[in-house]
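Could you build all of it, start to finish, from the sequences and the hints given here?
In the order they appear, the protein sequences are chains A, B and C. FYI, the numbering for the first sequence is 30 to 388, going by this note's numbering. FYI, the numbering for the second sequence is -9 to 145, going by this note's numbering. FYI, the numbering for the third sequence is 12 to 201, going by this note's numbering.
Some hints could be false.
Derived, one-sided and incomplete: chain B residues facing chain C with beta-carbon distance under 7 angstroms [said to hold, decoys possible]:
{"no.": "1", "residue": "L4"}
{"no.": "2", "residue": "T17"}
{"no.": "3", "residue": "T18"}
{"no.": "4", "residue": "E61"}
{"no.": "5", "residue": "G132"}
Hints were generated in silico from the structure; no laboratory data involved. Ideal Cβ positions, reconstructed from N, Cα and C, are used throughout, including at glycine.
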Amino acid sequence: MKRDVAVISFAQSAHVRAVDSENEVEMLMPVVGDVLGAIDMTMDDIGFTCSGSTDYLAGQAFSFVMILDGVGPWPPIQESHVEMDGAWALYEAWVKLQLGEIDTALVYCCARASAGDLPMVLTRQLDPYTAGPLWPDSISLAALQARALIDAGKATEADMAEVAARSRRAALDNPVAQLAWDRPAGELLTEDHLVAPLRRHDCPPISDGVAAVALAAGDAAGDRCRRPAWISGIDHRVEPIHLGLRDLTESRSTRLAAERAGVHDGPLDVAELHAPFTHQELILRDALGLDATTAVNPSGGALAANPMMTAGLVRIGEVASHIHDGTANRGVAHATSGPCLQQNLVCVLEGDGAGGRRR
Amino acid sequence: MPLVTEPTRAVQVLSAPLVIEYPFKRTTGPVVGAFLTGLRERILLGTRASDGRVIVPPAESDPVTGDDLTELVEVGPGGEVTTWAWVHHPHPKHPLDRPFAWALVRLDGADTAMLHVVDAGTVDAMRTGMRVEPRWRDEREGAIGDLACFTPEQG
Amino acid sequence: MVDVVLPESLRGVEPVRSVRIPARLEYRYTPGAASSRFLRGIAEKRILGERCSVCQKVYVPPRGACPTDGVPTAEQVELAHAGTVVSFCVVNVAFYGQEMEIPYVTANIRLDGSDLPIMHLIQECPADEVRIGMRVEAVWVDDADLGPTLESIRWFRPTGEPDADVDIPGEGVGTGLGSWVGGTAPGEGP
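What follows is the structure in structure tokens.
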């Protein structure tokens, strides 16, 4: 039997182009303080801690061990780390909670992409024999996907500009967003291509930022949070590493994860999609079967702030926040990793009013 | 609303260049090894999957069944661009130092496309479905860079 | 290893078995506020630790957080330039980038007034005379060469004071290694 697990708290830093005044520990500490403080908890109340980050971002081996100082891991805590976005760390914590030995978990992630040349750093995740040595940067690979989508008649550059304009406009209401502006889509199309067919507005900003989530199972959730955001389904799927083996114009892994997570079992008030590039939002809307009844990326999404290894967890936190404050009752959060939406995680969150779902 | 924590603005923070070099030598295994051997000999190879498809670069295991794939077949040398992206300002690490296209190229006889670059001169010379052919480096060592780039097919 | 079937054109050709794939990534490292405060102190020939307001431990070099309590360490504490060797090793292997003559000694040195050791070199003393509890002091570079780097301390050397008692860090904190420190390794008991 599945255990009921909920997001009971979420905190994030402001996301900025470069945090140059703090190390990762200094970035993390206040956010952990906020996420636990909001639910009147301390690390003593946390059964398991899991983080997501990658050493390549800042070029420091085992940096996640150093970052642990920010949560106070002494005497030794139960801890784990994934070389992935924090959304996958949340997945590991969710699995750990299913085992029934603990009732609470802290998930955090930390991005310091400004230290390096991010689009080039990301080439290190590609096949090391046939792709890595060519240094195909993340923007170029996304551009290949965008062209495939356009050629297939599934999107136009104008559609993509609409996504850019809507996301950055939504971000005006997001106090932690890095990139927020109000410009009409038509005006955006007059600009030069960055890597054709992508223009600058089609690409995410490079962001430094931190996010943290607290999870609790069963009664522990209601004890600490007036309106927990229950995880009614969560699943993640991966596609092959070679781009040529995939149909880049759709996201089969997202579609499958969505089915497994029960996305279609009820109406969706809100969706937070981790679509770093504009055309990817169009692919994800299709894969998740979203229609006009769902508000997509009211935060501005990854186009407004894209802290690597963090933006996925932020999507889950944003949906949870809408449930915590009662502005949504059911929503879906999506996280991605790898080039051109290679890996995708889908998480469905519901409020307590979801028809007595809790047994 | 989510809680917000502003990063503090301390003064006089230090910074320094940090260079990480990975001087890795990787063993290839027989399948990738055969592909790289082929590049050195100016021959392009794929593996035949259980459903008969030819996969390039060669996959070591079947993408559907997971079985070992062991039959290497010659493909190309010509092929077709299935999608492409135009780089106006190459990065110093990119394979070409002038504007070029990244492309997925489906080689003749292959069922999947491989990633490489096309030296087309101008963006106007690029289109999806165009025919391309390999340009080989004079000195080859058994690496992906032995294939310098693709170029628009002549004639 | 699986046997592969090659096309005719590649039979009898020397196969590629490995490939060099060098990669170089360039970063700009920023150590953050606490380490910057520490390194700026070093450039002034001062060793500045930071105290945790909860457990009162003084960390050096400070990294901005108390790993026990997960809170910022904000109170600066100026430390002595002398301390006690709490652990050491004798390096007998030459390796790339090494500038020291072997054998030499790398030691964990707990500076007076701090609660965690820093790592540095011991010189001006035969390697086989270095011992846990030995009292040592910092030898600085010339004032003109001082900079925001631990290399501003060339090494530590013996002070000649009597040896000090040393508490092994972690002892008695419930690490499960307590008995080992006392002489019996985990799993080695009767």
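Consistency of the hints with the structure:
Interface restraint check: L4/B against chain C, minimum CB-CB distance 5 angstroms, threshold 7 angstroms, status holds. At a threshold of 7 angstroms, the smallest CB-CB gap from T17/B to chain C is about 5 angstroms, leaving the interface hint in force. At its closest, the beta carbon of T18/B sits 6 angstroms from a beta carbon of chain C; the interface hint therefore holds under the 7 angstroms criterion. Of the supplied interface hints, the one on E61/B holds, with its beta-carbon coming within about 5 angstroms of a beta-carbon of chain C, less than 7 angstroms.
Annotation: interface hint on G132/B holds; nearest CB of chain C at approximately 4 angstroms, less than 7 angstroms.
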